[in-house]
Each structure stands twice: as structure tokens, then as C-alpha cells.
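Kindly generate the complete structure, drawing on both the sequences and the hints.
Under the numbering used here, the letters of the sequence shown match residues 11 to 284, in that order.
Don't read these hints as lab results, they were simulated from the structure. The reader is advised that the hints may include incorrect statements.
[Said to hold, decoys possible] Below, a list of computed lysine to aspartate or glutamate pairs in the EDC-like style, where the Cα atoms sit at most 20 angstroms apart:
#1 K262 <-> E281
#2 K262 <-> D284
#3 K257 <-> E239
#4 K257 <-> D284
#5 K262 <-> E242
#6 K257 <-> E151
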Amino acid sequence: MAIFGSEERFRARLLSASPWAAAFLDAPDDPIAFAAVRAAVSRTRAEAGNGVWNAWAEATRGLLSEAAGTPFEAMTTALAVADFTGGRFAGAADFAGFDFPGDAVFANAAFAGPAYFSACSFRGRADFTQATFSRDGAWFEQSRFLARADFGRASWQGAAEFRNCDFAGSASFAGAVFGGDLWATASQFGADADFSGAQFAEAAGFGRCVFAGAARFTGAAFAGSAGFEAAEFRAQASFDRAGFTGKAWFGKARFATPPAFGAARFAVPPEGLD
11 MAIFGSEERF RARLLSASPW AAAFLDAPDD PIAFAAVRAA VSRTRAEAGN GVWNAWAEAT
71 RGLLSEAAGT PFEAMTTALA VADFTGGRFA GAADFAGFDF PGDAVFANAA FAGPAYFSAC
131 SFRGRADFTQ ATFSRDGAWF EQSRFLARAD FGRASWQGAA EFRNCDFAGS ASFAGAVFGG
191 DLWATASQFG ADADFSGAQF AEAAGFGRCV FAGAARFTGA AFAGSAGFEA AEFRAQASFD
251 RAGFTGKAWF GKARFATPPA FGAARFAVPP EGLD
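Spelled out as C-alpha cells, the structure:
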């Protein structure tokens, strides 16, 4: 184990970052117990605040780098997961500025108050599938998603703020329900972006967005205004079967290939489409 100096030293550093793992390093596999303890520790660490969380994240990032390709890789990767699966947040959930060194799992989580994820770094998969956000809104602006971001079938009763985000991996909002405004202005989508079947009850703002991969809005329903002004589509853009009840704005939008609007419905003539 020359990469670590010694196996014992690496184990000591691993347990320094995640002391709770001592019960599992040499014990028989018990994935149910491991997941339960990891979820409880994730919640406690988050409640301790940004400073405590990011100190753990920094230590864990270093361990992940050293463990790659070694027998410690699987355990270190598992310890890097922030597990909030099915979590219930009664008041404000403040994750602003958090660094998530591994997967961040908020699948089926319910946010009864405002949810703050501004300026976060999601280094592993960000999983918000079927999460629910309240009328108080959810803020993700200026966050970086370095791997896949999955908001499939998530729902917002209030505003969803994704301005100036960087999605380096694929992003899925397929089947998502936006009960309030969605603002993704000036965000960068570095891979495929899937909004197929999404429902937008209020304004949907994609102005100045860059879509480097396929942009899929197939079957999406826009009840309010839909703004794509000065957006750049560098691959195929599909709006097949989309419905636009409010005004759709495409002024100064750029398409690398002709966009697809097969069977799309416009209640009001769109602006900026020839």
C-alpha cells in the first residue's frame, strides 16, 4: 500500500474524517445498518453548519483521490455519499455553499420550508428525484453540478431558482412539475438536458442558457411565458408535442441544427422563430 505510506495510516485518516465508520470497516457487510447510520450522520453534520461540513468534504476529497484504484476505493466512495433519502425538512433547509464530495442523495426528500442550495458544489451525482419543494421556494443559483443532476419528477410549489448554474454532466428534469416560476437564466448545460414532460405553471426562464448537448422539451407544458431569448443550442433541440399557453420568446436564440417543433401547440404566435 505504498500509495498511502501504510494501510494503518490511511485507515486512521479515513476514521478521522468519518469516525462512525469504525463499526463497519472490519465487520461483515450490513448495507442496511450502514445506510441508516450514514443517513443519520449526514443529517447531524449538515445541522452543524457549512464550516463543519466543508472541513469533512475537504478531507474526504483527498481520501477519494488517494484511494482510487486501491482496495479502499469502494469504502471511501461509500463514506463520501451525503444521504438524505426520504428526508423531511420542517423548516428552512440551509445547504448554501456546501461541498458534496460524493453523491448527494435527496431522492423523495420533502422540504416544508425554503431550501437553500446556492453556490454548492455537487462532485458526484446529485439525486433529487421525486423531491418536493414548498411554496417558500428552492434556490440553486450559482451551483456546480460536476456529474449527473437528476431532478426527474421533482415538484416545486414555489419558485425554482437555477440562475447561473453549471451542469457539467447530463441534467434531467423529466416529468418535473414547476408550480411557481423557474429561472435558469444564463446557466450552462454541458451535456444533454432533459425537460421532457415537464410542467411549467408560471414563467419559465431559459434566457442566455447554453445547451451543449441535446435539449429535450418534448411534451413539456408551458402555461406561463417561456423565455429562451439569446439561448444557444449547440446540438439538437426538441420541442415536439410541447404546449405553449403563454407567450414563447426565442429572440436571438441560436440553433446549431433546425429545432424540432413537431405537433407543438402555440396559443400565441412565438416571438423570434422564423
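Quickly compare the C-alpha distance for K262 and E242 to 20 angstroms and report which way the hint goes. Holds, at roughly 9 angstroms.
Has the given pair, K262 with D284, been kept, meaning a C-alpha gap of at most 20 angstroms? holds (11 angstroms)
Next pair to validate is K257 with E239; report whether the Cα-Cα distance is within 20 angstroms. holds (12 angstroms)
Hint consistency between K257 and D284 [alpha-carbon to alpha-carbon, up to 20 angstroms]: Holds, because 15 angstroms separates the two Cα atoms, which is no more than 20 angstroms.
Holds or violated: are the alpha carbons of K257 and E151 at most 20 angstroms from each other? violated (25 angstroms)
Given the proposed pairing of K262 with E281, does the C-alpha separation stay at or below 20 angstroms? Roughly 10 angstroms separates the two Cα atoms, so the pair holds.
Violated hints amount to a single one, hint 6; each of the other numbered hints is respected by the structure.
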